[in-house]
Amino acid sequence: MAQVTATTQRTFEAPAEQVTAALADYETVRPQILTENYGDYRVEPDKRVHWTLQATKKRVRDQLVTVEVDRDRIVERDANSSMVTTWTVASEGTNRSTVTVETTWNGAGGIGGFFEKTFAPKGLARIHDGVLANLDTVVRG
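For the sequence shown, the residue numbers in the working numbering are 1 to 141.
Keep in mind the hints are simulated off the structure, nothing from the lab.
Among the hints, a few may not be true.
[As the list claims (entries may be wrong)] Label pairs and their in silico Cβ distance ranges:
#, residue 1, residue 2, range
1, Glu27, Thr52, 34 to 40 Å
2, Glu27, Asn106, 28 to 34 Å
3, Arg73, Gly141, 22 to 28 Å
4, Thr28, Asp72, 19 to 25 Å
5, Glu92, Arg126, 35 to 41 Å
Quick caveat, the model's predicted, so the values are computed rather than measured.
Every residue gets a Cβ at the ideal spot worked out from N, C-alpha and C, and that includes glycine.
Model the full assembly from the supplied sequences, consistent with the hints where possible.
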């Protein structure tokens, strides 16, 4: 199995603290910014977060995520797979910040793994681009 990585980035006209707080708000903000690729979203009583992620018509992941929030970094670890998504917020000055989203997982082997490593990162980056665009709308108010 080869490790697969998908990365995307967006700059916001908002302070890093505001962007981080919005990203870390799994109760109110996250449901607003998720794209149509996400379904069955809920925060569990133990504070883990559940959703289904439909990457393609045939590819749906049922995820139960443990969230770790640091000052400028949010790490989501899926209990049902090897998938880990890290949201890093970097200050670019008083009212500007950049969010980098990196997701890694252990991909399939063989020819299926080749196609997964080739195409899945682009699809997941597109999904995360949509989430970041929605986040931009929220932080701009």
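Hint check results:
1. Glu27 / Thr52: 34 to 40 Å: Because 19 Å falls outside the window, the suggested range is violated.
2. Glu27 / Asn106: 28 to 34 Å: 30 Å, holds
3. Arg73 / Gly141: 22 to 28 Å: 24 Å, holds
4. Thr28 / Asp72: 19 to 25 Å: 21 Å, holds
5. Glu92 / Arg126: 35 to 41 Å: Since Glu92 and Arg126 have Cβ atoms about 24 Å apart, the given range 35 to 41 Å is violated.
Against the hints set out earlier in the document, violations occur for numbers 1, 5.
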